[in-house]
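Chemist: With chain A fixed as given, assemble chain B with the ligands onto it according to the hints.
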Amino acid sequence: MTTNTFPALSLVPKADGPQSAKDFKSDQEVRWCPGCGDYAILSAVQSFLPDLGVARENIVFVSGIGCSSRFPYYLDTFGLHSIHGRAPAIATGLASSRPDLSVWVITGDGDALSIGGNHLIHALRRNVNLKILLFNNRIYGLTKGQYSPTSEQGKITKSTPEGSLDYSFNPVSLALGAEATFVARTIDSDRKHLTEVLTAAAAHEGTALIEIYQNCNIFNDGAWEPLKDSDTRDDTMMRLVHGQPIRFGKDMQFGVTRAVEGHIKVVEVSSVGEEAILRHDAHAKDPGLAFALSRLANPRTLQNTPIGVFRDVERPSYDRLLREQVASVTEKKGKGDLQSLLNGNDTWNVS
Amino acid sequence: MAKQVVKLSKVVIRFAGDSGDGMQLTGDRFTSETAGLGNDLSTLPDFPAEIRAPAGTLPGVSAFQLHFADHDIMTPGDAPNVLVAMNPAALKANLKDLPRGADLIVNTDEFTKRNLEKVGYSSNPIEDDSLDAYNVHAVALTSMTVEALKGFAVSKKDAERAKNMYALGLLCWLYNRPSQGTLDFLRSKFASKPDIMNANIAAYEAGWSFGETTEAFSVQYEIAPATMPAGLYRNITGNPALSLGLIAASELSGLPLFLGSYPITPASDILHELSKHKNFGVMTFQAEDEIAGIGAALGAAYGGALAVTTTSGPGVALKSEAIGLAVSLELPLLIVDVQRGGPSTGLPTKTEQSDLLQAMFGRNGEAPVAIVAPQSPSDCFFAAIEAARIAVEYRTPVFILSDGYLANGSEPWLVPDASTLPTFEPNFATGPNHTAADGTEEFWPYLRDPETLARPWAIPGTKGLEHRIGGIEKADGIGTISYDPDNHDKMVRLRQAKIDAIARTIPDIKVDDPSGEAGVLILGWGSTFGPIGAACRLVRTAGANVAQAHIRHLNPFPSNLAEILRGYDKVIVPEMNLGQLALLLRAKYLVDIISYNQVRGMPFKSDELAGVITDVLESL
Ligand SMILES: Cc1ncc(C[n+]2csc(CCOP(=O)(O)OP(=O)(O)O)c2C)c(N)n1
Ligand code: SF4
Ligand SMILES: [Mg+2]
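Line order of the protein sequences matches chains A and B.
Each residue of the first sequence is one higher than the one before, starting from 1 at the first, in my numbering.
Each residue of the second sequence is one higher than the one before, starting from 1001 at the first, in my numbering.
No lab work stands behind these hints, which were simulated from the structure alone.
Among these hints, one or two may not hold up.
[What the hints assert, rightly or not] Derived DSBU-like pairs (lysine-lysine); straight-line CA-CA distance at most 35 Å:
#1 B:K1588 / A:K144
#2 B:K1096 / B:K1157
#3 A:K333 / B:K1605
#4 B:K1588 / B:K1605
[Said to hold, decoys possible] Some chain A residues flagged as far from chain B (calculated, every beta-carbon gap over 10 Å):
#5 Q28
#6 F78
#7 S230
#8 D286
[Unchecked claim] Calculated from the model, a selection of chain B residues having no Cβ within reach of chain A, i.e. all distances over 12 Å:
#9 K1003
#10 Y1121
#11 A1153
#12 Y1221
#13 E1222
#14 A1226
#15 E1321
#16 L1414
#17 T1452
#18 R1468
#19 N1545
#20 K1588
The beta-carbon is built from N, C-alpha and C at its ideal position, and this holds for glycine as well.
Bound conformation, chain A alone (with noise of 0.2 Å):
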């Protein structure tokens, strides 16, 4: 077997020879409404997965359910449509239990915040070898636009006429704060932006969670629009790289600061000087300016939104301390005999 460029990819035999983005189109027609933002995030990773260089057969994509959990069926790899939430826990089995395969999980907000939640969180804890792609529109697609949690306070959906009472989830937050090890946000249109993640993440040894900004053309249509508009979009949105200072706008001449009271801000930049401009640090051990910078955006008017990776760490994945542990045992002990373990340590004999 050998290796390829991604460290943590080590034990996934390489591909034959060079693949395209073709080799991972399966025969299947894709069937999301014409002009969901799920299709751009298809052509997005079917165009970067021949950049892992690892085997096609080896690469799995599991899902939940929604929309976006019908991804898998458009990939020519080994895919897997599961039930509602808990595409983390069954990928935490076969990943845990299989070191040479990439596990890819694909669910949406829905199933991920909502039913799926507790999957989720302890997924990022435990740090198995899994790459989350959390598809958010902030609403339910394939129950027909019931407001998510990750839906603004207020939402007029069909579930809530008068407006949902309940708070939003912020996605990356919660990650943050369940342990994870490497959390990052993008966008569906900004196919760029998008396949710098995917490599970012893929490269990254135990959970990733990479949520991606999602349009749902039919039932919550232009929520991210802020975002992607043109006019509004750099003035709107910051892009946190590693080692730059976190800057943004038009003339870039908005900038992250820390306040005297020690919380962070966003200030102009010439009110401040760019001294005083954070940098931001991906692989930092405290997750608390990753967190601070998570905070920052509004939920409704979406100003100051950060995309990028907030968080790069190192930190054992769960499947490689499970194999240490399996290893070094059967070391200590010697590989298991099966007759000497009916036996026992208390027996007797009749004759």
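Modeler: Same frame as chain A, now just chain B with the ligands:
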């Protein structure tokens, strides 16, 4: 003074005390010495769900019953011949089960005014005449233990805690049990606390000497070894036996064992046991909940592991949707349900057989699964192997329905020769299995084996077999998403036919009727095997005829079951539920069943079942 030695053929002892008194340990040690002597035996631990209910109260009473004999026995015994009561609560809770004339050993130190009042005794039963029907041995166990441990470097509290070892020593003297195993056990258990170790050993020895010297016990008993088939034996309870069966199945199939589980009484010990055996390549995953436990197991099954999830009834309820997914994916998966009293939290530490219909039907849609039920603690080993065989050969979820009685009850086990256990093959798919119209070779994930109707198990990492499966209905053969009405009808029937086809590989059910003339059949499943068998013996000893049969495969049923049911005038089905097997039998075979039910959290008593049989015989 040499004491009189009386030979007995069997004894039932019940140790009862407070949850903190170490009765389970005392029972286990006595069992171990008894097993080593070659007696046949059967045990029944009975403990509360609370870890430590308030000391001295009725809810805090923990008991351990052991039946041992010089012949083969099938149950832990209906009623004790000897009750060891460590306090008034233990006496009060257990006295009703004690037949007149039985021996009663009471720890007088605990019969204080306060303790007596706690359980509602207005006068001390040891001193009034309320125990006249019994052969009472009033022994000051606590104070004699403390006295014996004078000079040992232990606190008074630790000295008092050793009273269970004093009691054990006394009982071991009384029934002539060897001491070596217990002394070795204490040495290893307290290896890091030598003072406690010495105190416990001394307490045990003091108890033994007390028996030998006191006049309170005038006879010593001897129970000769039972004649059992020759070979190497060990004592085993159901949960470890099931765990060993799973490891054996992993070796026999060459598949790595993966357990995804969430702790729940009385199943947790399987998780504990399997996590000790990593040197067999066993992977154990303690999940965040039952759904994740089965989810992870299913993921591992998809990846080519022998995957198991272990739980009890409430956990099965949570796993239902994932079991349905496994039915749809047609992947091998073992679901171990160690049944306990329900509904809801029910009786966590008590036994019941009330999950049969849940296992059978507890899912949305037509979602058939195979079901196997062990019939005794050691049979859990073989049931696990058989369930794994079915799961792997038929690519299906299989339930193993154990219960609390099997899980914690023990019996001697003739250790099998590992080399004689049956192997079975995963037969993973390795290449294309279909040629398209244009001649290209393809892989169809739902193309079935004509014999078993099983689909290929094509694990990730196999070149050329990339395919997508999921819970949405799949087209027969090609396996792509299909909403076609005829296809769905066909797939529903195929999934059922596949489970039905398992019957071809199931041995015929055997009827035990020594007379060959019985008109009444008593038919059971699961852990009632012992009590039913013992009841049949009682009936036959009394000169009547009765036939016994026991169902191990509950879905599908063995092929000859219909014929057997037709062969008797009356069929009695005793169950620890309200008639779940009876319902299935009536529905499937249109037979009249006499359903006898008890849901008391305890196994049937054999004399009670014998009475049921006798009543039916007399009504004929
Ligand atoms: C157990 C269960 N409950 C409910 C549903 C119905 N259901 C299907 S998808 C869905 C929500 C999907 O929302 P999301 O995860 O945001 O995915 P999207 O369709 O927006 O991509 C629900 C409630 C289901 N399939 N299974
Ligand atoms: S409903 Fe929305 S999310 Fe679903 S496919 Fe249509 S556009 Fe996409
Ligand atoms: Mg959604």
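Chemist: Each of the hints needs a verdict: does it hold here or not?
Modeler: Comparing the hints with the structure gives:
Distance hint between K1588 of chain B and K144 of chain A is unfulfilled; the C-alpha atoms sit about 42 Å from each other, more than 35 Å. This hinted pair checks out: K1096 of chain B and K1157 of chain B have alpha carbons roughly 31 Å apart, not beyond 35 Å. Among the hinted pairs, K333 of chain A with K1605 of chain B is inconsistent with the structure: their alpha-carbon atoms are about 44 Å apart, more than 35 Å. Restraint check for K1588 of chain B and K1605 of chain B: the C-alpha separation of about 29 Å stays at or below 35 Å, so the hint holds.
Its closest Cβ contact with chain B, about 7 Å, brings Q28 of chain A to no more than 10 Å, contrary to its assignment away from the interface. The non-interface label for F78 of chain A is inconsistent with chain B: the shortest C-beta to C-beta separation is roughly 4 Å, within 10 Å. At roughly 37 Å from the closest C-beta of chain B, the C-beta of S230 of chain A stays outside 10 Å, upholding its exclusion from the interface. Its beta-carbon lying about 25 Å from the closest one in chain B, D286 of chain A satisfies the requirement of being farther than 10 Å from that chain.
In this structure K1003 of chain B is separated from chain A by more than 12 Å, as the shortest Cβ-Cβ distance comes to about 27 Å. Listed as outside the interface, Y1121 of chain B is consistent with that label: its C-beta sits roughly 40 Å from the nearest C-beta of chain A, beyond the 12 Å cut-off. Every Cβ of chain A is farther than 12 Å from the Cβ of A1153 of chain B; the closest lies at roughly 30 Å, confirming the non-interface assignment. Every Cβ of chain A is farther than 12 Å from the Cβ of Y1221 of chain B; the closest lies at roughly 20 Å, confirming the non-interface assignment.
In this structure E1222 of chain B is separated from chain A by more than 12 Å, as the shortest Cβ-Cβ distance comes to about 18 Å. With a minimum CB-CB distance of about 9 Å to chain A, A1226 of chain B fails to clear the 12 Å threshold, and the non-interface call is violated. The beta carbon of E1321 of chain B sits about 5 Å from the closest Cβ of chain A, which is not more than 12 Å, so the claim that it is off the interface is violated. The Cβ of L1414 of chain B sits about 8 Å from the closest Cβ of chain A, inside the 12 Å cut-off, so the non-interface label is violated.
No Cβ of chain A comes within 12 Å of the Cβ of T1452 of chain B; the nearest lies about 23 Å off, and the non-interface call holds. Residue-level check failed: R1468 of chain B sits 4 Å from the nearest beta carbon of chain A, not beyond 12 Å. With a cut of 12 Å on Cβ distances, N1545 of chain B stays outside the contact zone with chain A, its closest approach being about 32 Å. Taking the minimum C-beta to C-beta distance to chain A, about 30 Å, the non-interface status of K1588 of chain B holds against the 12 Å cut.
In the structure shown, a violation is registered for the earlier hints numbered 1, 3, 5, 6, 14, 15, 16 and 18, in ascending order.
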